[in-house]
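Start from the sequences, fold in the hints, and give me the full structure.
There are 2 protein chains.
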Amino acid sequence: MSSFEQSQLNRVKRVSERAAYDRETIYRIVDDALVCHVGFVQAGQPFVIPTIHARDGDRLILHGAASSRMLKHISERKDICVTITFVDGLVLARSVFHHSMNYRSAILFGTGRLIEDEEEKWRGFKVLTDHIMPGRWEDARQPNRKELKATSLVAMDIETASAKIRTGPPVDDEEDYELPVWAGVLPIRRAILPPIADDKLNKSIVLPEYIEGYPRKD
Amino acid sequence: MSSFEQSQLNRVKRVSERAAYDRETIYRIVDDALVCHVGFVQAGQPFVIPTIHARDGDRLILHGAASSRMLKHISERKDICVTITFVDGLVLARSVFHHSMNYRSAILFGTGRLIEDEEEKWRGFKVLTDHIMPGRWEDARQPNRKELKATSLVAMDIETASAKIRTGPPVDDEEDYELPVWAGVLPIRRAILPPIADDKLNKSIVLPEYIEGYPRKD
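Protein sequences appear in the order of chains A and B. Okay, so the first sequence: first residue is 0 according to numbering that gives the first Met the number 0, each after it adds one. Okay, so the second sequence: first residue is 0 according to numbering that gives the first Met the number 0, each after it adds one.
These are calculated hints, taken from the structure and not from any lab test. Incorrect hints may appear among the rest.
[Claimed, not checked] Distance condition first, Cα-Cα at most 20 Å in a straight line; then the derived SDA-like pairs of lysine to any residue:
hint	chain 1	residue 1	chain 2	residue 2
1	A	Lys71	B	Ser15
2	B	Lys199	A	Leu185
3	A	Lys12	B	Leu70
4	A	Lys125	A	Leu113
5	B	Lys77	B	Gln41
6	A	Lys125	A	Trp136
7	A	Lys145	B	Val14
8	B	Lys77	B	Ile157
9	A	Lys77	A	Gly43
10	A	Lys145	B	Glu173
11	A	Lys77	A	Asp57
12	A	Lys12	B	Thr150
13	B	Lys216	A	Pro186
14	A	Lys12	B	Ser151
15	A	Lys216	B	Pro193
16	A	Lys202	B	Pro169
17	B	Lys199	A	Val170
18	B	Lys148	B	Arg112
19	B	Lys199	A	Asp172
20	B	Lys202	A	Pro168
Since this is a predicted model, take the numbers as computed values, not measurements.
Okay, here's the thing in C-alpha cells:
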C-alpha cells in the first residue's frame, strides 16, 4: 500500500524518527482499535468525542450518534481529526527525564459526511459490526428499516494521515547507566476476559466460536 | 467533592442517564488513565494529540512536548478539550441495533497555560511522575536544570467537565429475547504484564516493590 504525502497537516514534528506515513502501518493501528477520538470545532471551541469506527478502504465509518454536536458539525462538512492511541508500556529509564511510553498512535484528517443513502448505510453498519466482532453480523438480528433510520453514520475519506510509534527499552544518558536504579519496560496490553452471558440468556444457547476465538485476544 | 454546573459546553446530550457531573466520578476516570487526547484548533483546523497527564487538584498537568503545534497553540491561551476513554467491554445484544460498549469517558474543558516558573515546573514533573508510577520520582535520578528547560509542561484549570459511563448487560427489545442468539458482555481490561529489565541493567539491581506492586494491576 502506498504512503500519504507529507504536508503541514500530517507531518510529525517531534521525534520524527518515530513517524510513519505508509498506509500499511497507519491502517494496522486503525484496524486494531475499538475506539477512536474525533476532534471537531464548533464556534471556535474544540471538542473531542470518543466513538466507534471501522475502515472501509481509504474511508473511515464513524458511529455518528456519539453526540448531536458531532453530527450537526459533521453534516456541515467541516474538517475533522480522528486520533487513535495504544499505550503499550511504561518505559522506565534511570533518569526521570528519559522516562517515556511505548505506544502506537495514528492521526487521520478529512471531512465528514452524513451517510444518507440506505444501501450505503446498510454496508456501513456491516463494516462497523465486522470491525468490532467478525461473525456477529451474520448471527445477530440485522437492523430493520426503522432501526437504520434511528442511527446515524458518518463517512470520512482519509485525506491524509500519519502514525507515530515507540518500541523498545529506555535510552539513558551514558553517565546514568551506572546508577543503582532499576530500568526497563512495564508492558501494557488490552486483555479480553472470558465472556459473561446475559442473565436472561436461554441456557440452551452455546457460546459461538467467533466469540470464543475473538481475534483481538493476545 | 462538588459537581460541575451543567452548561452548553459540558452537557451530555445523548443517553443523558449515563452522564455524571460530580468531580469524584470524573476525577476517578482522569486519575486511572495513562493517556489523554488533547483537542485544539489552529487556523480553524482541529487537532487531537495524545499525551500524558496528571491531575493536581482542579488542575490538569499536560506533557507539552507532545507536539510543537500543541505548545504553540497552548501558549496562546486558547481553549482546549481533553478527553479520556476506557473501553470496558463489548455489549453483545441479540439485535445488531442494540449492540453497545461498556465504557468510562471524561471530557474536560479549559484554557492551557505554559508553566514557566521553575518551582511550579518541578512540582509538575513530580505530579506527572507520581501519576504514572508512584515511587519512581524518589528512586530515579531527578531532573537537573538543563533537563527542566528542555521539556515543556502545560497547566489547564479544569473549568468544566462531564463523564459518561455505561455498565452492565445488553438491553434488547422485548420480542428479541426469544431469538437463538448468544448475548452478553465480552469484558476488556488493561493488563499490566511482568516487567522486562533493560539488557544493560546491572544484574545486582532488584526490581523495586513499587513496580512489582504497580497499582494499576487488576
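Hint by hint, here is what the structure shows:
no., hint, verdict
1, A/Lys71 to B/Ser15, "18 Å, holds"
2, B/Lys199 to A/Leu185, "16 Å, holds"
3, A/Lys12 to B/Leu70, "12 Å, holds"
4, A/Lys125 to A/Leu113, "16 Å, holds"
5, B/Lys77 to B/Gln41, "10 Å, holds"
6, A/Lys125 to A/Trp136, "6 Å, holds"
7, A/Lys145 to B/Val14, "19 Å, holds"
8, B/Lys77 to B/Ile157, "14 Å, holds"
9, A/Lys77 to A/Gly43, "12 Å, holds"
10, A/Lys145 to B/Glu173, "16 Å, holds"
11, A/Lys77 to A/Asp57, "18 Å, holds"
12, A/Lys12 to B/Thr150, "15 Å, holds"
13, B/Lys216 to A/Pro186, "11 Å, holds"
14, A/Lys12 to B/Ser151, "15 Å, holds"
15, A/Lys216 to B/Pro193, "18 Å, holds"
16, A/Lys202 to B/Pro169, "16 Å, holds"
17, B/Lys199 to A/Val170, "10 Å, holds"
18, B/Lys148 to B/Arg112, "16 Å, holds"
19, B/Lys199 to A/Asp172, "12 Å, holds"
20, B/Lys202 to A/Pro168, "16 Å, holds"
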